[in-house]
Each structure stands twice: as structure tokens, then as C-alpha cells.
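Residue numbers (our numbering), protein chains in the order written: chain D, 24 to 980; chain F, 5 to 69; chain W, 589 to 758.
Hints in this document: simulated from the structure, not taken from any laboratory. Be aware that a few hints might be false.
Said to hold, decoys possible - No more than 20 Å apart at the CA atoms, straight line, and that leaves these computed lysine to aspartate or glutamate pairs for EDC-like:
{"id": "1", "chain 1": "D", "residue 1": "Lys234", "chain 2": "F", "residue 2": "Asp8"}
{"id": "2", "chain 1": "W", "residue 1": "Lys594", "chain 2": "W", "residue 2": "Glu746"}
{"id": "3", "chain 1": "D", "residue 1": "Lys621", "chain 2": "D", "residue 2": "Glu646"}
{"id": "4", "chain 1": "D", "residue 1": "Lys822", "chain 2": "W", "residue 2": "Glu691"}
{"id": "5", "chain 1": "D", "residue 1": "Lys343", "chain 2": "D", "residue 2": "Glu605"}
{"id": "6", "chain 1": "W", "residue 1": "Lys622", "chain 2": "D", "residue 2": "Glu193"}
{"id": "7", "chain 1": "D", "residue 1": "Lys896", "chain 2": "W", "residue 2": "Glu639"}
{"id": "8", "chain 1": "D", "residue 1": "Lys880", "chain 2": "D", "residue 2": "Glu193"}
{"id": "9", "chain 1": "W", "residue 1": "Lys676", "chain 2": "D", "residue 2": "Glu913"}
{"id": "10", "chain 1": "W", "residue 1": "Lys700", "chain 2": "W", "residue 2": "Glu657"}
{"id": "11", "chain 1": "D", "residue 1": "Lys41", "chain 2": "D", "residue 2": "Glu140"}
{"id": "12", "chain 1": "D", "residue 1": "Lys78", "chain 2": "D", "residue 2": "Asp136"}
{"id": "13", "chain 1": "W", "residue 1": "Lys622", "chain 2": "D", "residue 2": "Glu191"}
{"id": "14", "chain 1": "D", "residue 1": "Lys973", "chain 2": "W", "residue 2": "Glu657"}
{"id": "15", "chain 1": "W", "residue 1": "Lys622", "chain 2": "D", "residue 2": "Glu241"}
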Amino acid sequence: MEAGRSPNIEIITLAELKELSGKPGNFRAKLHIRPRYVDPLKCTSCGMCTTYCPKEVVDEYNERLTFTKAARIDYAQAVPTIYYLDEKECLRLQHESCQLCANVCGPNAIVFDQQPEERELEVGAVVLALGFGRVPEEVLEKYGYGKYPDVLTSLELERLTCASGPTEGEVIRPSDFTHPRRIAFLQCVGSRDVTCGNGYCSSVCCMYAMKEASVVKEHLPEAEIDLFFMDIRTQGKGFDEAFNRAVEKYGFRTIYARVPRVDQVGRRLALTYVTEDGKTHRDFYDMVVLSVGLDAPQDAEVLAERLGIELNHYGFAKTKVSTPLETNVPGVFVAGAFQGPKDIPESVVQAQAVAARCSELLAEVRGQDAIHKEFPPEDEELERLEPRIGVFVCHCGVNIAGVVNVKEVARYASTLPGVVYTEDVLYSCSQDTLNELVKKIKENRLNRVVIAACSPRTHEPLFQETLREAGLNPALIEMANIRDQCAWVHAEDPEAATQKAKDQVRMAVAKAARLMPLELQRVSVTPSALVIGGGAAGLQAALSIANQGFEVYLVEKEEELGGNLRRVTGLLSGERPQKILEDLIKQVESHPKVKIYKGTTVENISGYVGNFTSTLRREEGSEVINHGVVILATGGKEHRPVLFGLGENERVLTQLDLEGELEKKGGRLSRAKSIVMIQCVGSRGEDLKYCSKLCCQQAVKNALRIKKKYPKKDIYILFRDMRTYGFSEDAYREARKAGIIFIRYQVDRKPELVKRGKSLGVKIYDALLGEELFIPADLLVLSVGITPGENEEISKVIKAPLTGDGFFLEAHVKLMPVELPVEGVYVCGLAHGPKPLEETLAQARAAAAKAAIPLAKGYVEVAPIVSRVDQSKCIGCGICAALCPYGAIEMVKVGKRKKAQTITASCKGCGICASHCPVLAISMGGFTDEAILAQIEAFGAFVEREAEEKTEKEEAA
Amino acid sequence: MGFDPKILSFFCHWCCYAAADSAGVARYQYPPNNRVIRVMCTGRIDPRFIIESFYVGADGVLVGG
Amino acid sequence: MAEATKRILELVGIKLERFRIDWASAAEAPLFVKIVTDFTEAIKKLGPLGEAEGLERETLRLRLEAARELTSKSRFRAAFGNLARELKKVGDYSPEGISSRVEQKLVPLIKKELLESEVKNLLSQGPVSIEALLQKTGATQDDIVPILESLSKKGKVEKQGDVWQPKAKE
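If we strip away everything but chain D, and leave its shape as in the complex, we get (with noise of 0.2 Å):
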């Protein structure tokens, strides 16, 4: 929605990249655009074709569970919210024999004879976020798909619990459309499979499994659910926590077997399968879900040559660990599951960090082509004038008008108090009628404006606008919503949407003449940036921001730069993570805007968004700074628990620890003969709650390593789950295959540190075998996990809040994942949570992208639905400034006594304050108690009216 309004972002539906010529900055791409048979200016979405449209086709948003029409959208959230036909299956269109949908479409928007477009487009940057594509049905077929109806797809289930889904949310089975009693899910459909050609692990599939049962569960109370993992996967943040919370909740059974094949027994599903004892077992079930993975996108191959990038041998796009974001050809970037499957939270931080990357490449031309809108100035005389309201009704072609009388609401209209015109208008939000709104504002002197149409969710921004354009304070328009809430959910009582109209068309009458001007708050921006921490994180970070053009301070509280990553010393994908270190800090420090604190801490952040004040103290003394944005990327910690010895025995090492050892000729490495690695020491449940990301994949690599330097070495892992995911699963199988032995442990039957004289080793339990094994241990090296680093403190100073394993928490885990609930304030690498480097780089990208918006723009503009206090009535309570959620009312001195005073730029208009305070010295903007309690009023002569009709008819009786 956000994107398809801005006036700088054109979306081009319907199109295909066919050559791209040029080079970074300077780019000619040609695109070619099928038909959409629609004008999307005449369009206003009413769905009355889709009504008339007498041609049924399968709905393949659906997931081919249901029916729809050639004309249609495919789901009503779609932006942009313009109908099509579906060439394929419009009878007008294959056969020439139909034309309903013209006739019936009230703004005359159906062009059958729209054709192809080539267009030329100059770009200085392309991206490419193609997404993934399915698992193919050979695959599928493998489970019994397609030969058994209730065999599902995860898909297929989503579509099935969705409420505006084919069957409105109520899961059934295909076969039989009863609900199914016991249902199980099977994991790794397409994934984690060399047979199928997708050795990758889908990295999604454990999670989204769970939360489909869940929602499953939720309907079906009574619902036995099992599901079976190879691994459960579940290493995001927070996502341990949540899956256990719901196994718990909902009583799921999770089984460690990989399910072989389906078969269909009576009206049941058969599953034989082989559990980690070693046991044959068979089950039946009412419903299989297979949880299909992340396929390559489909056209990613002909794209791919086209534009001349290395795909990965899965058919993703073809990256580094170092530049998680660029492709082989400079200028064009990747993100999203185009560059390995990941769940939305990961793919929005690409996109986020993706446009960074864009950013820092076309710097030099930023605001060159923006297009800014220009409004004449505000009749501000006009606006001080006795409430002169216009009432606007729209018929929305029939959408309105064939319900609620128009012409009556619009006569109504006109008889309510300080209304001076009315009219009643066929499509309100049509370019031509907008023209015309600004005009009757002007002839009529209009100072105040009610729309009674459709929702101010989607509309009141466009009517804003044409206030402005009229020369009208955009605050000064009210909206009665006459459709969505009410001619559409009051179809079949016409008279009864009618009397609603008039009813909300007078609140909203009363609220429009207690409406006031209200000013576009802007804020001044310092156009620098407060990087704290100078990791990996905080050095991508600070290079990002500098590289798009802005000034850094940069402040890592040791002597040197690099945090963590100083102590590893390989990775998976072969490159060498220390050169990797090297060329960030040499950029960093060469880089002018940038200027570095080393041996420094931060003392006090002081301020809001665009406004910050801080200050750095050093040994030798302090510095006050200004700056506009704070990122945190204060890193994390090696866990280092009392755990096996750690600590106390030299033999016993932490993965980071081997790290060193590995760089080292000699050592106790190359003497140890048997080097036995557990996983999750001290995580997952004891010391830390959560699952580290990483651990796994760096005992993974170590291993390797290990195994190439010294190819004799008996190497074990004791693990609860190998949390592998991605393409590092790849490596996984790797080391099964070069010798490397993997043994599950019980989280109930952990693995025992045994001593014999001056030899270590380690008991566990051996499922298989059913016995316990003693592996001696020359070396034990222990996957310990991340710990945050000083969060609690920073978190304090500028009130931004921890989760409950200490990581900020962010705005929003899907949407604004680099985000703090406090305004200016971002958050990238160990700071949010464990993660490997790859995604480390990313997300301090994402949050430069973030943080130079307001350095871009070098203001803040505020809605104007902020609070505003009244210092003459406040009495300095602090009520008000105690509730905020956001931080953003401060209480400030004012002569001697304390009063509450709204930090504009942070505030969110939600009105808490003004809810609480007890003398009412806080106003809501657009949201005034004033003009609520006069929506109620008016709403209360609704009542009076009734009562009177009524005495009325009784007198008459």
C-alpha cells in the first residue's frame, strides 16, 4: 500500500526484464508489459465485472481449491487494486463473444483491445527479488499427492485456514469435507533432498509447520496433530520459545523420522515409518500435510542469462558471505529468498539493506528525479471563518447507490447545521470529480469538507490532498465511510443503510465542524549518525551511511575494531573471514565522513529523532556530539558457562577457542587424535533460553576443517537438533560423508563428562543402539552460544525496551525488523540476536537504509494526529509521560513547576495520554475530545429521533 502511494516508486505489474545494457549508475532496461485489459485510471475497483464475468476458471491463488473469474483481482489486499482479465480464459478475448464486463463496469475501464507495450526504462540500479517457486509435483507425487485428495500441501492448508479462504477457515478434508480427526505434517518435502535435486534446507518450513497446526488447532480444538522432523529448526529469534509454547499448548507430537511414502488405507492415511530406535512403526492419519520447501524461482534460469549472473547449483542467485547482496554484475542486487530461502523477517532486512546498497551507489544523483508535489498556500482567513462544511456523497457507481438512496442522504446532508452545499457525485475519487471538488471549494468558500464514500483508510490521503490543492489545510476533511461499512455489509436492507448513512454522515458532520487546522510538524534533522559498537555490525554499518554521503561517529568502547570476528577464522563458503575484517576496517578508516572512537564509551543519549545529544568519554576526556540517528550494534558475548570443565581443563575449548587452535601449526589440536564437539552447551534451555543460529553451522565447518588438515582424526558431534540451514546444509552432508560421525542426544539424556585418570571423555546415550557409549575426547570443544553484551544499560538510556533474553527488542519483527520502537533509533547484528556473519552484514545494512531516511531528507515531517499539551491546564502529573509507549512525552521545566510537553517526532497519535489525563489538558490532532464527544452527540440524536418516530406513531395509533 505504502509503495503503490508514493509518487516515487512506479509499480509495473504484468512485466518482463528483456535486456539490460549499461553499467552501474547508468542503466537502459527494457521491459515488456502484457495487457491487463483495464485501465487502471478508470478502475476503482468496485468488482463489478468480477460479479458479471460469466466465465468460472480455477483459482490458482487459491491453490486451485476454488473457483473464480477470467475478470478479477486475485486477492483484495493486491496493490496495485486494479482488476484484469485473464487472456487466457476471457471469453471476449478467445473468442470474441462476450463483452459483460464493459457493459456492466460503470467508469467504462475494460479495454479489450489493449496491446503489448515495450518500454525503455533508464535505471542506475537493478534488483532483483524474483522470490522462490514451488517444489515440483514429481516430488510431491512421491507422498501420494495428487493420488490421494487428503494429501495436502502446507500451501494448500494455508489457503484452507484462511477466513476469506475457499472454505472461510474451516479445515476439511477434500476427500469427504468432514473435519479431519488426526492430522500429520511431514517436513522436508523438497527440501533436505538430493534425490529431488534440492539438497538445501528450506530454513521456514519447521516454523510455518508449527504455526499452521497451530492455527489448525485453533479451529479444531479436538485435532490430534503430529509432525515429523528430520531436525525441528527452529534457530530464529524467539523461535524456540514459540515452538515449545505451542507443542506445549496445543499437545503436538513431534516424531524425529523422515516419512518414506504415503498410502491410502480405507478413508485413511497410512504413514510407515522408522523412528531413531531403530522401531518400525504405522500410523493413520485423516490428513497429511506435506511442508514443501522453498524451490529455486522458476525463471530465475532465463533471467540469469539474460543478465549474465551466476546462479548457485540450485538455481539461486550466486552470492558471497561478504557481499550477501551483490551479484557477479556490478549494479544489479539480489534480495529475498531469490538469494536463499528465508522467512519474511530475513527477507525484509535484505530488502531494507538492498536499498542501502542502492543508495550508496547512486549517492552522488540522490533527489535528482524525485518528484515533489507543490500546493498553493492555505486560505488561512478562510479557515478562521464560522465552519462553512460541503458535504460530498458519492454513489461509487452502483457500489453505493445500489444500496443506501444517495440523493436522500445528500438532502439530508444539507438540512444539518453549518453545511452550506451538497451534492451527490457518481465516482468521488475519479481524477475529473477531484477537479471539480477543488473548484465547488473555491466557488463555495468551503472551509470544511465531509466525503461520504468509501474508507479513510484507503482514500482520505487522496482527499487530503485535494484540499491542499484547493488551498485547504488537509486536516480539514472528515470521511463518512458509506460503503465498505455499510451499503456492502447492508446490502439486503436498503432502508436500514440508508438510516446509517444519515447517521454517520451527521457525525461525521459534527466532528468536521469542530475540525481545526493542523500544522505538518517538521523537524530539523542533523544530518549524522551515532554508530555504537564497532564489530562487523557496526562497521558495515557506519561504511553504508558514510558511502551515502553522510557523516559517522563511530565508537567502539576496546582499543581495536572488529569485535568477534577478530576470532574466527574460516568460513563455509571458503573465503577468508579475516581479509573480510581487514577490508571493512581499512574502508571505514580511510573514509572521510567517518570518524572513529576506539577505547570509548557512551555515556548519554539525550534527545529524539533527527535531535540526538551524546556524549563520548574517552580516558583522556569527553565529547558532546550531535547527530540526527543512533544505530546499536553493540554486539554479543561468547557464552562461556561452567559447563564440562570449561575453563578448568585445558582440553576443553569453545568453538571460538578452536577457531585459534586451527590457525595454529601444532598444538593440542594435532595431537589429539579423537575431537568430540556438543552442541547447545548451556542453550536451549539452561543457561540461555534460545538457540544461537550459528553454532551449528561453525561445528560444522570446524569439522571440516579439522578433517582437511588432519584426515585421520575421529571427529564427533553430539547434537539435539543440526540446525544447518540454508545452503549450509550442503556442508552438513559433507561431513556425514567425510567421516565425521553424528549422534543425537536426548535433551533428557544429555551428554556426561567422564574423567579416567588423566584421559577425558564423554558418555551419551545412543538411541539406535539403545545403550550408552563412551567416546574418549582428546579434545571437547563446546558450542557455547552468544550472550548479549551491554544492552541492559543502553536500553535504559534511551528507553528502548529488551526481549526477555536481553536482545532489543524490535518495532516489529516482520515489518520493521531494524526498527525501535523509539523513533531514530536502530539495531543490526548480535545486538538483535544471534546470527551468522552473512546475516550480520545484511541487517547493518538495513538499518543504515533505515537510519538515512531522516539524514536524506534532513527533516522529520510528523503526522499531524500528534498530542499536543496544554501547559496552561497541565499539572505536571507525569501520568501522561509514564503511559507513553513510545517515549514521547518528556516532562520539562517551565518557570518553577513541571509540565508535559510532546516530543512531535516520536509521538504516534494513539491518544493514551490524552485518555488519562486528569484535567484534560491533552488534544488528540483530528481526534480532539471535542470533536469525539460530538460524533457521540450527534450520534445521540440518531436515538432521539428514533424515540420520537416512535411516540409519533403511538399517538397516531
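On the provided structure of chain D, position chains F and W as indicated by the hints.
Chains F and W in isolation, oriented as in the chain D frame:
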């Protein structure tokens, strides 16, 4: 004659108000008795508003977050 | 907010079924429809305001008037705001936690203020007997007498035989 209750609703812009719009898009049908006041967040709602609603004669008040 | 409002409604005598807070996210249109439909049905069953409560229009108006005054009064609002602040500070948002705190810190104030307003409003309409006051407010003698006494101390009302009446301004 059946009783037609008069209901006043306060809906949060981001949640219930949006849900109400979606209900319209999907053409769900529901009783036409409620009148809606949009607020940016249910946090805006003051006990005064609820009392006032009953005072002016609402038979029911629904707050939708 | 909800809990405090509910307690006021309860004291006014309005059935709590008439006030509902529910949640539906933007993606939950069917849930929204269910909420609105169910709520409308529930109100239909209760009948017009006052009917299920067994309250006359006039009494209801009197009490709601008092509630209106209460919710605008800074004394109530300060207590209400402070309570919200306390809840946020201790982070206890369990229904029990909220309810017990509201009971302790807010309800006595609500009761007292409501009754005071009602008594004042009744008296402002002319002389009233104690019996009538008791009947209209639904309060007990123990609750009302102190209010009357304090009002008379302030010189706002006086007792004339069996009835109380507003004191004429000199």
C-alpha cells in the same frame, strides 16, 4: 415490532476499523445497528466517551481494538 | 480503562453486557463480523437501555449524569491515571491484578463521587426526603447521611423537617 438496538462502536484505525473494511470488501453481511467512530488507537478511548454514549442513549457500546 | 469503566457502569446500574471490548486484526474480517453480530444479538436480548436493568428513564439519566460528572472530574481522573501508571510499572496486566487494584483504589472513590453528584443533582431540583433520595440513588442511609451533612456544613443544603433542600443564597 422487534427492537432495533442502537449501538455505538469505537474502532481502532489499524485493527477493527480495517477489519470492518475488509468485511465490506468480502461483502459479509451483518446487522445495520452500529454506528462507528474511528480512533487512531483504542488507547484514545476515555471512560468519558463510554459514559457519554450511554448518556445520549446508546443501548450498547462496542470498543474494537 | 475497561475495568474502571465497567465498575462505573455497574454502579450506575447498567448491565455490563452492554459494553464490550473485543479485538480483530485487519485480516480478521469474519471474526469482526461475528463480534458485531453477536454483540447486536446480545443487546437485542437485553432490550432498550434501562429495560433489562429495571431502571426508569429518569433514574438512569440522573445516574448517568453523575457518571458524566465523575469522569470529567480531575480527582477521579488523577486516581484513574495513577492506577494506569502503577499497572504499567508493576507490569501486572492479569485480569485479577487489574481488577483487585481497581477495586481497592478506584471503586470507593467512584462510589462516593457518584452518590455525591446524584444527591446534589436531586437536591438542585428542589426539596427531597431522605426516603426519596435513598430510593432514587439506591444507596443506604449510612452512605447518604454523611454526604448530606458535609453539604450542609458547606452551607449548600439545609434540613427542613423531613426534607432536605438547597439553601437559598443570601
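Here's how the hints hold up against the structure:
The straight-line distance between the Cα atoms of lysine 234 of chain D and aspartate 8 of chain F is roughly 41 Å, outside the 20 Å bound, and the hint therefore fails. Simply put, lysine 594 of chain W and glutamate 746 of chain W have alpha-carbon atoms about 34 Å apart, too far for the 20 Å limit, and the pair is violated. Distance hint between lysine 621 of chain D and glutamate 646 of chain D is fulfilled; the C-alpha atoms sit about 13 Å from each other, no more than 20 Å. Restraint check for lysine 822 of chain D and glutamate 691 of chain W: not satisfied, since their Cα atoms lie roughly 31 Å apart, outside the 20 Å limit.
Between lysine 343 of chain D and glutamate 605 of chain D, the direct Cα distance comes to roughly 16 Å. Compliance with the 20 Å bound is thereby established for this hinted pair. Between lysine 622 of chain W and glutamate 193 of chain D the alpha-carbon distance is near 15 Å, which keeps this suggested pair within the 20 Å criterion. Of the supplied pair hints, the one linking lysine 896 of chain D and glutamate 639 of chain W is violated, its CA atoms being roughly 41 Å apart against a limit of 20 Å. The suggested pairing of lysine 880 of chain D with glutamate 193 of chain D is violated, with an alpha-carbon distance near 48 Å, which exceeds 20 Å.
A distance of roughly 17 Å separates the Cα atoms of lysine 676 of chain W and glutamate 913 of chain D; the hinted pair therefore holds under the 20 Å criterion. Between the alpha carbons of lysine 700 of chain W and glutamate 657 of chain W the distance comes to roughly 12 Å, so the proposed pair stays at or under 20 Å and holds. Distance check on the hinted pair: lysine 41 of chain D and glutamate 140 of chain D sit about 12 Å apart at the alpha-carbon level, within 20 Å; holds. Pair hint lysine 78 of chain D plus aspartate 136 of chain D holds up; C-alpha atoms about 19 Å apart against a cutoff of 20 Å.
Taken as a hint, the lysine 622 of chain W and glutamate 191 of chain D pair is honoured in the structure, with Cα atoms around 13 Å apart against an allowance of 20 Å. For the proposed pair lysine 973 of chain D and glutamate 657 of chain W, the alpha carbon gap of about 30 Å is over 20 Å, so the pair is violated. Taking the CA atoms of lysine 622 of chain W and glutamate 241 of chain D, the gap is about 16 Å. The hint holds against a cut of 20 Å.
Going down the numbered hints, you'll see the structure goes against 1, 2, 4, 7, 8 and 14, while the others check out.
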